[in-house]
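J.: Listed in order, the protein sequences are those of chains A and B. Residue numbers for the first sequence follow the numbering used here, beginning at 1 and rising by one. Residue numbers for the second sequence follow the numbering used here, beginning at 1 and rising by one.
To be clear, the hints were calculated from the coordinates, so they are not data collected in a lab. Backbone N, C-alpha and C fix where the C-beta goes; we use that ideal spot for every residue, glycine too. Accuracy of the hints is not assured; some may be wrong.
DEER-style ranges, computed between Cβ atoms [said to hold, decoys possible]:
hint	chain 1	residue 1	chain 2	residue 2	range
1	A	I141	B	Q45	19 to 25 Å
2	B	W191	A	Q68	24 to 30 Å
3	A	G51	B	E111	40 to 46 Å
4	B	P259	A	A36	36 to 42 Å
5	B	G140	A	V147	53 to 59 Å
6	A	P191	B	P259	39 to 45 Å
7	B	I171	A	Q50	55 to 61 Å
8	B	V93	A	S186	29 to 35 Å
With a straight-line cut-off of 20 Å between C-alpha atoms, the simulated PhoX-like cross-links for lysine-lysine are [unchecked claim]:
hint	chain 1	residue 1	chain 2	residue 2
9	B	K106	A	K291
10	A	K288	B	K109
11	B	K227	A	K6
12	B	K108	A	K9
Here are the chains, one letter per residue:
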Amino acid sequence: MAFSMKTQKKIFPYLLLLPTLVLLICIVIYPLIYSANLSLHSYDLKKFTQGMQFIGIQNYLDALKDTQFLKALKVTFLFMLIAIPIEFILGLAIALLLNKDVRGSKTVRTLVVIPMMVTPIIVGLQWRFLFNYDMGLINQILRLFHVSQGINILGNYKYALFGVALADIWQWTPFVILLCYSGLRSLPVEPFEAITIDGATSWQTFKYLTIPLLKPIIVITVLLRTMDAFRVYDMIYTLTFGGPGSSTETASFFVYRVSFKIFQMGYGAALSYILLIITIIIANIFVKSLKRVWEGQ
Amino acid sequence: MPSINRKRKIRKRPSNSWVWIGYIVILVFFLTPIVWTILTSFKPQDLIHSVKPVFFFRPSLFNYQDVIQNSYILKFFYNSIIISIVACLIAIVFGTLAAYSFSRFKIKKREDIAFWILSTRMLPAIASVIPIYLIASNLGLLDTYTILILLYASFNIPYVVWIMRGFFTDIPREIEEAAQVDGCSLFGVFWKIVLPLSVAGLVSTAVFIFVLSINEFIFALILTSIKSKTLPVAIAALITDRGIQWGQMCASGTILLIPLIIFYAFIQKQLVRGLTFGAIK
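Isolated chain A, as found in the complex:
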């Protein structure tokens, strides 16, 4: 062998990392640098002969005054504000219910996770079909029981976002269920025995024991959901395409439209950088809490 064992031991770990680092730098980091540069330029693909023109931070200044962009951000946060709390409360409640020693709970647990596996664009189409005014299952059932002549949730700009949130709740509550359930299973037994002997009610046990012990898992769950909900795109593409009007147009969707329908690449890059910064802030909080969990093991 060419190298001594000692040199080998020094180089080997870095050699193992090399392929991953090279690939990530080429495919993830380089494009982001490219895009940072792009965001300082005006670049309209429709007039590509003009090429890129340097305009400094003008794109960013425009973005902060762009009412459509600010509205898209508002829609995104509103969507997160409706969907995430419901997903979390519903998910935790179902996890507690599944944690009961009842026959059939294992089957329910297996089946309830399936929505998470469904391709997001199929989720969008599926709910679009269910909400359909004429032949959607929801309206068919409402008519069958003479509750209403039918409601057009996705066609009404006031309610459409709730329809989108419902589809998201359907797909991602199982995520919360799954994580909370694993959390509940990994809790130590002794404190629960002690508190039961001390005569605590189940609500007290839940409030003073279950919730504090589950806290690290709750934090991870909520942060992962927040990051994913913030960049929601696929499902909206097939469910409402941002409509009616722009009532369900989220930030990601607006950036897509600016870049690939209006072809303002420079402006799109600046907008996406703003989204990136917001995500980095959330991701940082997430990584910090993840580090704590890993170190706790």
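With chain A fixed as given, assemble chain B onto it according to the hints.
T.: This is chain B only, laid out in the frame that chain A set:
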């Protein structure tokens, strides 16, 4: 660690019938959309457009014939599978090597590099799709398998690194040290001892990232047009100006759904590990 189950033996058993009612409501809510899609895919056209819900009917394969013959769904499905398999293999090979490095060796700034790799997975897709579109078009890589394979491989590496790192850390080091004493090279230890011990974890990680690649939409939508279009993009294209062919949509949706549900059965136990980057087991 003893499981929480024991606690329940002390407590009074909950009243089963209420729990069961809860279970039924939960299942109806979470399964109806999927069951309805699959059911509709076998309905003849006139029943799909019925004003009343139809639960019983004579199944027809018309919608399936239609999407296979007229929308070339199977060709796009083939694209999806090839792209995802190759991307998955690259991610597994690269990611496993890195994970092994993180789990066994002292590297300068190890945790910083590991968390940096993790953070690349949290970027919003829309932020990288704009530059990647322009770069790919300069390199002539638009509408090729290559670009999607490279992208999906690098998006999935963070999952592999973090999940496999957890598995490797669980393997006792003594076995490897013994092999080294017996004259096994560093790579030999990894290849002959560590890897065979983690096959189960590798397989479930591979299936997990395969599903993520199959489901990917935004990059495939923007970077492909005809030759390497993937199934989700082809299905989304069933939305036309004249409306949506619901029968076709349900049939092609079912074609995509069934393998995903089968895969889910395989990785069920490892799913939590995957979804939380190994933080929760």
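J.: Each of the hints needs a verdict: does it hold here or not?
T.: Verification of the supplied hints:
{"no.": "1", "hint": "A:I141 to B:Q45: 19 to 25 Å", "verdict": "21 Å, holds"}
{"no.": "2", "hint": "B:W191 to A:Q68: 24 to 30 Å", "verdict": "55 Å, violated"}
{"no.": "3", "hint": "A:G51 to B:E111: 40 to 46 Å", "verdict": "43 Å, holds"}
{"no.": "4", "hint": "B:P259 to A:A36: 36 to 42 Å", "verdict": "39 Å, holds"}
{"no.": "5", "hint": "B:G140 to A:V147: 53 to 59 Å", "verdict": "57 Å, holds"}
{"no.": "6", "hint": "A:P191 to B:P259: 39 to 45 Å", "verdict": "43 Å, holds"}
{"no.": "7", "hint": "B:I171 to A:Q50: 55 to 61 Å", "verdict": "59 Å, holds"}
{"no.": "8", "hint": "B:V93 to A:S186: 29 to 35 Å", "verdict": "31 Å, holds"}
{"no.": "9", "hint": "B:K106 to A:K291", "verdict": "18 Å, holds"}
{"no.": "10", "hint": "A:K288 to B:K109", "verdict": "16 Å, holds"}
{"no.": "11", "hint": "B:K227 to A:K6", "verdict": "51 Å, violated"}
{"no.": "12", "hint": "B:K108 to A:K9", "verdict": "14 Å, holds"}
When held up to the earlier numbered hints, the structure conflicts with 2, 11 and fits the remainder.
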